[in-house]
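Using the hints provided, position chain V relative to the given structure of chain R.
There are 2 protein chains.
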Amino acid sequence: MVRVMREEEDLLSLIQKMFGSGKLRTKKMHRKRRYKTYMAPGSSNKKKTDDGQASKENFIHLCNPHLEKMKEDILYHFALGTGTHDFPTLFGDVKFVCVGGSPSRMKAFIAYIAEELGLGSPGRDYPNICAGTDRYAMYKVGPVLSVSHGMGIPSISIMLHELIKLLYHAKCSDITIIRIGTSGGIGLEPGSVVITRQSVDATFKPQLEQVVLGKTVIRSTNLDEQLAKELMQCSKEIGQFNTVIGNTMCTLDFYEGQGRLDGAICLYDEEEKLQYLKNAYESGVRNIEMESSVFAAMCNLSGVKAAVVCVTLLNRLEGDQISSPHDVLVEYQQRPQKLVGYFIKKSLGKV
Amino acid sequence: MVRVMREEEDLLSLIQKMFGSGKLRTKKMHRKRRYKTYMAPGSSNKKKTDDGQASKENFIHLCNPHLEKMKEDILYHFALGTGTHDFPTLFGDVKFVCVGGSPSRMKAFIAYIAEELGLGSPGRDYPNICAGTDRYAMYKVGPVLSVSHGMGIPSISIMLHELIKLLYHAKCSDITIIRIGTSGGIGLEPGSVVITRQSVDATFKPQLEQVVLGKTVIRSTNLDEQLAKELMQCSKEIGQFNTVIGNTMCTLDFYEGQGRLDGAICLYDEEEKLQYLKNAYESGVRNIEMESSVFAAMCNLSGVKAAVVCVTLLNRLEGDQISSPHDVLVEYQQRPQKLVGYFIKKSLGKV
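From first to last, the protein sequence lines are chains R and V. Going by the UniProt record's numbering, the final residue of the first sequence carries number 351, and the count climbs one at a time with no gaps. Going by the UniProt record's numbering, the final residue of the second sequence carries number 351, and the count climbs one at a time with no gaps.
By construction, these hints were calculated from the structure, which means they are not laboratory data.
Treat identical chains as interchangeable: a pair holds within one or across any two.
Computed cross-link-like contacts, DSBU-like style, restricted to lysine-lysine with a CA-CA straight-line distance of at most 30 Å: (1) Lys305 / Lys171; (2) Lys278 / Lys215; (3) Lys95 / Lys350; (4) Lys338 / Lys236; (5) Lys346 / Lys305; (6) Lys69 / Lys278.
Same shape as in the complex, but just chain R (with noise of 0.2 Å):
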């Protein structure tokens, strides 16, 4: 009954056998044809630099030829509609999209990174761009837009699919999403901070699947190397925590699902769950969060430049509960937003 396909692979026969060639960009045909197919009305596919050198803008690669039959898109969880909102005039200019679980943590970066880019002033308030629903909150300073995704994988792939719409709609181009998270680490000190090499699997594969019309799919969880790279030497030019590039595990559940002894449901010993970690560790894990697998499957789908920063919380070698005083998890949960926030600095040549 259950057909797995393996996306990497099939996803140009299967989109050249449904909707016939050139109206949908994929991973293979994008390299060739992006520029052309998707080219925001009006605007160049090229741009001169200040040496005069032309250079081409990355635009978005959506996944979904049914959009271009649509009068009106409602991103009905952001409460925004292209019906409604004029995209490219709110968003034309984003090139820097930060998300993380938590709409205060989301808040409190936007606040952050506008003083870091001279964008800000003392005592101002940031809008909630979706302040028209509770599910998710935006808030935006310049080329960045930082956006809440709540808990697990579902929740962030809703957010995912109406936030690359966005941006689609928006006619952005080159940008770059990174996740800033809490996790919990395996043999790491608490408080140190874990860009993910890989996102995988509970069973330590990285690899993500999904079930579509019933049918389930594995999709690829890569992640940007080059950008790993850049965010381990901005950690080593701000110097303040320990960083690491390792495996990330993204599981779906945050007790029986990353063996915690202390959940409702607890049907294996202590030995067993250590086991369980020690095997993750030896395959190259180094911390366990709840989004990354489909957050690094839909950027690499969208051809967007993705990265995962997270902060571990606690080292799961030698407990489960988070129990540091709320002052030291507040400050572990800076890091993330430091390393991305000087990272966006440098990017713009603003360090």
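Okay, now just chain V, sitting in the frame of chain R:
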């Protein structure tokens, strides 16, 4: 590598093997032992009813022997803990727990139910018990607790682990938990309310696949039949909107996972989508949402009576976008609240 275990069959033998007998209640043990093993200290396991008959109380059935060894339990995502909060005093009188995705909807529900039960007063504010975090929101009035759970199985699963532990630590008994939510309908007029008979997965099976220590575990997603019938009777007595009992499909994704054509990624055509939704309808599915399966599975394992009551915001056989006017959607979302509010009033003899 992946071992599939059907838990209904193997749970008892597994637990006995792991922990010996007598320590942990299972569904089979529970019939004989729960009142003895899990009776709240100082409380009786029998109480007299008005006519002098003794009746048994149903306590929470905690499937985790490790918790008994913990001195303190921090419910991190609620910002509550047994070391800092007196759970029996704060929550000991709770009998009804209503959960839903949106924090503002769950705040509106507590104000509504307070009015209905004669416990409210105009302009009264209900403080968020989880004010120390923005992961979830929680409100209480009299015997009713109202808690938000975000979107998707992982998000509600974290909340339920902590909620079940909270009710256990508070020594609550005779709890009914009802999810009041929104959904996409199949073959129903928008605004219809569906009371879930069974929660099924994306292949229409009444089960939940979870990955625990890297192994796949299958859990039953049955809900309380009697409770569903009582809720249906309440809807007849109200007589304000169409209500049906039907199966609810629970998916991990809102766009591709539910066969929508309007996500950022869509690799199937309209005909394939409609065939899938028609197959779902023929198997008994009347609506689609994203939380019911783990809600049913966890309530099952914890011995708590549970129901799912969702309004349908659109008929998926006719489209994908939720485009009804805001005031119409607001009225739709009040329907599960009205139905469950009436049920609670009736249960308390106030109708």
